[in-house]
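Q: Chain by chain, the residues run as shown.
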Amino acid sequence: MMLGGFDSQNEIGACTRTLDSLSVGDCAEIEGIVTDCDRANRMASLGFIPGRMVRVTRFAPLGDPISVQLEGQEISLRRAEARIIQLKGEAQ
Amino acid sequence: MKALAECPLNKTTTRPLVALVGNPNTGKSTLFNRLTGLRQHIANYPGITVEKKSGLLRVGGSSIDLLDLPGCYSLTAVSNDERVVMDVLGGRRGFQKPDLLVFILDATNLKRNLLLVSQCSELGIPALIVLNQCDAAKRNGIRIDADLLSKRLGVPVVKTVATRGQGLSELKDAIVSALESPSVLSRIPWPDCITQGCGLLRAGLQNSESSELSQAEALRVLFDSDSVFACGVSDKLCLKKLVDSAHRSIRDSGLNPGSAEAVIHYRHLDSLLEGVVEASGPIARSHDSIDALLLNRVWGTLIFLSVMYVVFQSLYSWSAPLMGLIDLGTSAAQDFISPFLTSTPALQSLVCDGIIAGVGGVLIFLPQILILFFFIALLEDTGYMARAAFLVDKLFSWCGLNGRSFVPLLSSYACAIPGVMATRTLSDPKARLTTILMAPFMSCSARLPVYILLIGTFIEPLYGPIVAGAVLFVMHFVGLALALPLAWLLNTFFLKIKTQPFILEMPDYRVPTLRNIFHRMWERGREFVLRAGTVILAFSILIWSLLYFPRNPSVEEQATQSFLREAAANHSEAEIQDALKNPTSEWNQVLTRRIDSAYIEQSYLGRFGKAVQPVFDPAGFDWKITVGVLSSFPAREVIIATMGIIYNLGADVDEGSDDLRSVLQNEKWTSGPRKGEPIFTLPVVLGIMVFFALCMQCGATVAIIARELNWRWAAFSFFGMTGLAWLGAVLIYQIGRLI
Chain A
1 MMLGGFDSQN EIGACTRTLD SLSVGDCAEI EGIVTDCDRA NRMASLGFIP GRMVRVTRFA
61 PLGDPISVQL EGQEISLRRA EARIIQLKGE AQ
Chain B
93 MKALAECPLN KTTTRPLVAL VGNPNTGKST LFNRLTGLRQ HIANYPGITV EKKSGLLRVG
153 GSSIDLLDLP GCYSLTAVSN DERVVMDVLG GRRGFQKPDL LVFILDATNL KRNLLLVSQC
213 SELGIPALIV LNQCDAAKRN GIRIDADLLS KRLGVPVVKT VATRGQGLSE LKDAIVSALE
273 SPSVLSRIPW PDCITQGCGL LRAGLQNSES SELSQAEALR VLFDSDSVFA CGVSDKLCLK
333 KLVDSAHRSI RDSGLNPGSA EAVIHYRHLD SLLEGVVEAS GPIARSHDSI DALLLNRVWG
393 TLIFLSVMYV VFQSLYSWSA PLMGLIDLGT SAAQDFISPF LTSTPALQSL VCDGIIAGVG
453 GVLIFLPQIL ILFFFIALLE DTGYMARAAF LVDKLFSWCG LNGRSFVPLL SSYACAIPGV
513 MATRTLSDPK ARLTTILMAP FMSCSARLPV YILLIGTFIE PLYGPIVAGA VLFVMHFVGL
573 ALALPLAWLL NTFFLKIKTQ PFILEMPDYR VPTLRNIFHR MWERGREFVL RAGTVILAFS
633 ILIWSLLYFP RNPSVEEQAT QSFLREAAAN HSEAEIQDAL KNPTSEWNQV LTRRIDSAYI
693 EQSYLGRFGK AVQPVFDPAG FDWKITVGVL SSFPAREVII ATMGIIYNLG ADVDEGSDDL
753 RSVLQNEKWT SGPRKGEPIF TLPVVLGIMV FFALCMQCGA TVAIIARELN WRWAAFSFFG
813 MTGLAWLGAV LIYQIGRLI
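Listed in order, the protein sequences are those of chains A and B.
Residues in the first sequence are numbered from 1 upward in steps of one, following this note's numbering.
Residues in the second sequence are numbered from 93 upward in steps of one, following this note's numbering.
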C-alpha cells in the first residue's frame, strides 16, 4: 500500500490506470480514490465510488477538462482530479 | 419589508424558521421565489460574502420565516457556502437552528441528491422532502414511488415542478403540517469502526471545546479535516492525533477514510432506493445530442464565441442608448433644479454637481448590470453556462482562475461593476476572489475616451492611422496581459485559501422562464442601487467637496483681475466693459472658464495635486496632469472634463475636441529643468495611457469590491493597482527618455 490505503483491499500494482488515462468513449469500473482526504471526500460525494461504471464522453477543445458520464449524470472534471480516480482492469 | 429587515437567523423570532436545503441546480431558488414572492430580504452572512436569502411564507393566517441556504452537494465544508450550511444546521455561531428542513431534490438524479439528506439525518432536525423537476424525471422515464420513499426515510415527500408552480399549495400545506407534527429522518446504520471513531473524538475533544460535540459534528470532524468544527478546536495536535487514530481503524476495516463517508451513504441509499426508483430502460439524457454540437471542438467553439460576442456587444453597444437616456435625465434634473438655488451657489453646486451627478453616476451602471444579469440568468437557466465554463477552463486554470471566470472578465471589458457582480457564479472562493481582483484590469469602456484623446492627439498625427489603431488595440490587452500573471503570482504565493477541485455538473438543458430571469435582474439591480449605490454616492459627494472647497472668493477676484490686465493690453476700457456686460459674449465665457480653472487649482484637490506632483514627476506628469489623474480617481472618464477646466476650455469638451487637442500639443513646462520643453512627449503620453490602463480609477469598483469581498481587499486592490500604474508610467517614461 504505497499511498496508505485504497478503497479496495486488492493488490494494486504500480501501473494502476486512472481516469485521466482513458480516451473518449472508453468505459471502466472505478476501483477507488487515491487517499487524499480533501478531494477524495468531494469526489466520492459526487458519486465516484468503487464499483460504479464511468465513461469518458468528451474532452474540452483544449484537452482539459474532461467530461464523463457517471450513473446517468454528466460531470466535467480537470485531469488533475481525474488522476486521483483509480480504475479496474482493462478498457471494455 | 420593514418587518423583514429584522428577520431571522440571529434573533429568536416567534415565527417558525424553515430552511431550504439542496444541491445546486435543483430549482431550489425558483421554489424559494415561488414560495415567498417578492417578500424576501437579501443580505450577507456576518463576516463572509455568502448571500443570505430569507423571506416570509404566508400560509392561511400564519407566517413562516423561510431561509434559502446556499446550494451544496454534501456537508463537507470546503467553501464558505458550505460552512454557512453547516453552521446554520448545527445552530452554531449564534445562528438559530431551523425548526424544519425542506430538502429540494432533483428527481432526475435522486440518489446523488439524497446523499445530503442522508448526511443531515444525523442532525435530528425535522425534515420534509420535495421531489422537484418531476416532469423532467417522467420524460427521462424515471418513475418514483413517493409513498415508499416517504416510508423508508421516515418523513413526508411532496412532488413539485417549481418552474411551473405545480405542487406549490401541496408543499405549503406539507410545511405547515410538518411544523405541527414533526418527523425526523431515519438514521443511517454506521459500521462499528465509524461509531467507535466518533466516540473517540467526542470523548477526546470534550474538554478542549466549550461544549460537547454532537454525533453529527463528530462525524464532520472525522471525515472532513477542514470542517468548521475541527477549526473550532483549539488543541490542533490532540485533534490530529485523535483523527489519525480514528482513520487508522477505518483503514483497518478496509475502507478509505477519504471516501468512506460517501461510500457508506451510497451503499445505504442503494438499498433504500430499491423499488423506489424505476427507470424504464437505460436513462436517455435529452441533452446528449445537443452537447455533441455545443461541446464540439469546432462548432462548440464557434457557437461559444458567437454567444459571448452577443453578450459583449449588448453590454458594450446596446446599453449605450439607455445610458445616454440616464445622462440626459441627469442633466435635465440639474438644469431643472439649478435655477432654484442660484442664491446659494455652494448648495447649488452640492445639489447639482454632487448629489444629482452622483445619483446619475450610480444609475448609469444599471443598464449594463441589468443586461448582463439578463444574459447570466438566461445562460444559467438554459444550462449553457456550465458548458461554456467547460470549453474555456483551460485558458484560465493555469493561473488559478477557472472556466467560470470568463463571463465576469469579458463583462469587465464593458464595465468592471457588472463584471465583479457576475463573479457570484463562481463557487470556488479562491477563484472568485482572484477573478474579482483581476476584473478591474480589463480595459473598460470608460478608459476608451482617454485612449482616443491621447492617441488621436499625439500618435495619429505622427505615425498615421494604422499605428494609432494598433496602439489602441494593444492598450486593450495591457491590463489582461498583466492580470493573468498577477493572478498566478497571487494564487501561487500569497493566497492561503485551499484550491477546490473544479468540478462541473452538466445540468439538463431547460427552457428558461422569463419570471426567473426578471427576478434575477430585479434582485441584482436593486441590490446594486441600495447597497453599492449609497457608497458610490458618498464617494462622489466627497470628491465634489474636495474639488469645490475652500472656494475662497479672492480666487475669483484675482482671476478676473489678471484677465482684465491681459485684456487691457490690447483693448480699450470701454470695449472690455461692453463685452463683459453681455453675459453670452465670448469674453464672458473665457472669463468664466478662467475662474473655474483658478478655483480647481485652488481647491483642496488642486492643492493636493500640486503637492504630490513630485511623486508623479518621475513619470513626467506636470501638476495639471497630476490633478487630472487625481480628480479621475472616482471615475476615470472625468479626466476629459477636468482637463477641459484646467486648460481653460470649460467642462464641456470631449475626447474629439480640437481645442483640447491643440492645447495639449502646445503645453510646455513653465519652470524647472525642462522649462520650454513640451510636456506631452511620446513617453509621457504612453505613460498616461498605461497609467489609466492599470489604475483603479473608479470609486464604484472599489465600492463593489468592498461589497463583494470586504474593505480590506478593496483597499488592497486600490493601492495595489495604483502602485502598479505608477510603476508602469514611470518605467515607460524613464525608458522612453533613454531611447
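One thing to keep in mind: the hints can contain errors.
Coverage of chain A stretches by chain B, computed from C-beta distances (three or more under 8 Å per stretch; other residues unrestricted) [as the list claims (entries may be wrong)]:
(1) 18-32
(2) 45-56
(3) 59-65
Computed, partial: chain A to chain B, Cβ under 10 Å [said to hold, decoys possible]:
(4) Asn41
(5) Arg42
(6) Glu81
(7) Ile84
(8) Lys88
(9) Gly89
Note that these hints are calculated values from the structure, not bench results.
C-beta atoms are modelled at their ideal positions from N, C-alpha and C, and glycine is treated no differently.
Q: Decide, hint by hint, whether the structure agrees.
A: Taking the hints in turn, this is what the structure says about them:
no., hint, result
1, 18-32, "violated (count 1)"
2, 45-56, "holds (count 6)"
3, 59-65, "holds (count 6)"
4, Asn41, "5 Å, holds"
5, Arg42, "6 Å, holds"
6, Glu81, "5 Å, holds"
7, Ile84, "9 Å, holds"
8, Lys88, "15 Å, violated"
9, Gly89, "19 Å, violated"
The structure does not agree with the numbered hints 1, 8 and 9 stated previously, though it agrees with the rest.
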